[in-house]
Amino acid sequence: MAGSTDTTVDGRRAGISWSRIRRYGYDGLTYLVYALAIAFFLFPVLWVLSLSLRTEGAVYTSLELIPSDPSLGSYREVLDSGILGWMGNTLFVAVLSVTGILVVTTPAAYGFSRFRFRGRRTLLLAVLGFQMISPIVIVLPLYEIMRTLGLTESHAGLVLLYIGLQIPFSLWLLKGYFDTIPTELDKAARIDGCNRLQTLRYVLLRPVMPGIAVVAIFNFVLTWSEFVMAYTMLSSGGEGLYTLSMGIYVFDNQLATQWTNVAAAAVVGIVPIIVFFVALQRYFVRGLTEGAVKG
Amino acid sequence: MKAESRVEDPSVGTRVRRTIADWTDWGIVDRLVSRPLFWLLPALVFITVFQLYPVFEVFRMSLTDTSLISSEESYVWLENYRRLLGSERFYSTLRVTGIYSIASVVLQIGLGLGLALSIDYGVRRGLRGPLLTRVVVLSAWIVPGIIIGLVWRIMLLETNVGVVNNALDRLGFGIVPFLSDAQLALFSVVAAGAWRGTAFSMIMFYAGLKRVPDELYRAAKVDGAGPLARFRYVTLPQLKPVMFVVTILVTIYSLNSFDLIFALTNGGPGRATEVIALSMYKTAFNSYQMGMAAATAVVLLVVTLTVTAIYFRVFDISEEI
Amino acid sequence: MGRLEIDRLRKTFGRGGDKVEAVSELSLSVADGELLVLVGPSGCGKSTTLNCIAGLESVTEGEVVIDGEVVTEKRPEDRDIAMVFQNYALYPHMTAAGNLEFGLKMTTDLSAANRRERVESTAELLDIGELLDKKPKSLSGGQKQRVALGRAIIRDPAVFLMDEPLSNLDASLRSTMRTEIQQLQDDLDVTTVYVTHDQTEAMTMADRIAIMYEGELQQVGQPLECYYRPRNKFVAEFIGEPAMNMLRVTRRGDQFVADGFEYPVPERADGLPSGEPFTLGVRPGAIDIVEPETGVATGTVEVVEPLGETSHAHLNIADTTVTVTTDGPGSVEEGTQVDIDFPAQRAHLFDAGSGVAVARRDGLPGDQTESYPNPRYD
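Those protein sequences? They're chains A, B and C, same order as listed. The first sequence begins at 1 in this note's numbering and counts up by one. The second sequence begins at 1 in this note's numbering and counts up by one. The third sequence begins at 1 in this note's numbering and counts up by one.
Think of the hints as simulated: they come from the structure by calculation, not from any bench. All C-beta atoms, glycine included, are put in the ideal place defined by N, C-alpha and C. One or more hints might be untrue.
Said to hold, decoys possible - Heads up, simulated DSBU-like pairs for lysine-lysine below, C-alpha to C-alpha not over 30 Å straight-line: (1) Lys187(A) / Lys135(C); (2) Lys210(B) / Lys221(B); (3) Lys187(A) / Lys105(C); (4) Lys240(B) / Lys282(B).
Unchecked claim - The calculated label-pair distances, taken between Cβ atoms and stated as ranges, are: (5) Tyr53(B) / Gly238(A): 28 to 36 Å; (6) Ser172(C) / Ile28(B): 45 to 53 Å; (7) Arg282(A) / Lys240(B): 25 to 33 Å; (8) Ser42(C) / Val212(B): 24 to 32 Å; (9) Ser92(B) / Leu91(A): 45 to 53 Å; (10) Leu128(A) / Tyr53(B): 38 to 46 Å.
Start from the sequences, fold in the hints, and give me the full structure.
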């Protein structure tokens, strides 16, 4: 083997080296992109974290990421400001909103996917059309409506509002998932004695779970972070009603230049949602890549 | 034929009798759940109350002089629009919104596509790092907008506290007025927006890339296409539907940006970063001129819909919907 | 017991200008224990018919009767039927046992233990006992098919409905499963309606086949009946592989003539008017290659497709392609001129306009009436 193949081995080596170099080049470039991306997207969070752990005096002098004289003092002050209560409010609103969105959207997505009726297409396009209308455009009439209904300064009102605003997108996404499930399953269930409610409950719900997970995660993150509506509807109420976003905004305005405290508040606002998302992002991405983002 | 004559036998005919009403054997639940309205109604009610009605209402409000501080309201018809179109502030916000949106769309789609491609490449090659990169970028996306504004404000502070200026100072560049110079402030807002928004384009493009069938790449290789040609003739055309969706959504988000800018610059310095949404909000809740603000909102809506309509023309996606 | 009758079934979709009639005036009767195959090209209304029998689609007009009871308005689960689907339609999140059990759980009051018993005995019947705890994802195509069959069997219905159950399997598995379903149906003796677009499946499995085209029933009968005595041109061309050759001919005296073709009018067709055009059909397998100058036509062999034991030779006779099934290799050469002939019994005649068969033969080969009179060789 050795003698006869020497030349071919050499030849092959010469042939491969060029494409191999090129491939290493691409790999290197890719790693560079990863490094830059991680630096750019991670640094602000790390920096704020670093600031939050400093003493007030250390913010002006040092550039090092790990503070030489770490202190939890600012966290103590932030926690005293009622941030835990805001977080509780936010959690309450987010959980109820997500539940409400799923309860309303799942049947509607099923309906759009499984029924053929007059005006279905028009109705679907209309629902899609509402995605182009940003909540900020209708925040004024919404404020008036909520005021008329006596639902400002109330978490229940905010929850209803979030459900209403998030239905179009969630409905569209979830309908796409239902569409990927063959209707033969419905027929089999029908033959097996299910009515439509039972079909949804026993047969379709499990296969559509990845989609429900995406909708739930997405809406949880969105309602957790939402600011404009909460700020508009709850501002006139007491601090005890605040959500995290608006609490931190108001807190920041009050503190002005106590940077370590502001940073600590930001960290408290960021960490729970990032932990939540990092834990679940696998389902989020899988649901998005496997299911139907396509309209 | 034999079979048919058997069925048409008169003795069969007498046994075959049509039941009187349709679906008489069906229970009330079955009948209810076999109507599409049963399934759609709650969603339609919510959409009507919280989206459809408000859209009409914002149009109506824009024709009145309604105000937060008085309960009186009368129709002034197009007066609000006349004042709006006659104000310098309006054109300034329009310009700022335009620049911010164009820069954001270009930046976020470019960065998002680049990241998606490198992550997809890394996954295909089995490199380390795509997962970490993806998670880090996505994390930026889910940080509440108000906090992003706050974080970037701290970073860009024009004292030693601002890490960027601190670093630049040490390198001998002196302090850069990231937030107090009109043009630099707009640039800072765009950067912070990209920090947040890139993840969305990235994840959408990544989902699109995952769905490009491998055969297409193999076929292109067989046809002698190099990496660049494969990107140009396979990847890009396959990404067209996603590109369309992403472009539209990023544009809509950018045009309607509010919370991040609200926290980062609050429209300043002066009105250098005051986008339409911000000006609308201030008109409504700082100046209490709801009618005027509603007219601004209507303009924002019209701008959004116009741009979307243009996209529909440009992309020519008729065959994909 | 399960006798199924369909009486003047009509099904339309849409309304106004978009109205489509998927099934029109269909009457059929399936005897107890019979396997009726509903066959036709896609879009012919066969699946719609099956769905109407199952109660998955409402009926526009007409009746479905099972065991003398009108079930047209009944819910699927009250019709005493079970169904097997094309893509198996197994519930992906349930185990095989769960899939089998689900229908019993929803429609009967059987205790869990009783249900388990039924599941196990059904599994035994289908030889899927070891698969019971697996989910569909980890089953092969054939195994999925068995579970899907089991889901139907366990209900112990009066009528089985099968919607192209084998179309997702590869060729070798398909023929195995074909035999298996046939045996199973025989053993269980359950009335079965089997929908397929595959005429081989129809021919081999059916007690009788019903051929549909554009919503209308074309012919019902035993497979060989449909093969040898097609009622019209559509049935003649749809059944049989390769498809029947069709020639445009005109009767001139006692001959059917076309370009380069002349065939004596068979006795049974004496009554057909002279001077009129007809379509003459003959199956590739019925045609013989004969000595030069002795056949009814002369053609050039254009292509020979060898299949082993037999070959398909495509002849050009005056610009019409005629396919002939010949013996294996060596019987004909591409490019040569050959003569063909076929027995009068094997000639099918159709009205040139409507395609309705005229002067059909009596009886089938092997019947007492059958003989091969071939007067021209005498």
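Each hint tested on the structure:
1. Lys187(A) / Lys135(C): Holds. Lys187(A) to Lys135(C) sits at ~20 Å (cutoff 30 Å).
2. Lys210(B) / Lys221(B): holds (18 Å)
3. Lys187(A) / Lys105(C): holds (17 Å)
4. Lys240(B) / Lys282(B): violated (38 Å)
5. Tyr53(B) / Gly238(A): 28 to 36 Å: holds (29 Å)
6. Ser172(C) / Ile28(B): 45 to 53 Å: Given range 45 to 53 Å: holds, Cβ gap about 51 Å.
7. Arg282(A) / Lys240(B): 25 to 33 Å: holds (28 Å)
8. Ser42(C) / Val212(B): 24 to 32 Å: The hint (24 to 32 Å, Cβ to Cβ) holds, given that Ser42(C) and Val212(B) are roughly 30 Å apart.
9. Ser92(B) / Leu91(A): 45 to 53 Å: violated (40 Å)
10. Leu128(A) / Tyr53(B): 38 to 46 Å: This hint is violated: roughly 18 Å between Cβ atoms.
Hints 4, 9 and 10, counting from the list given before, are not met by this structure.
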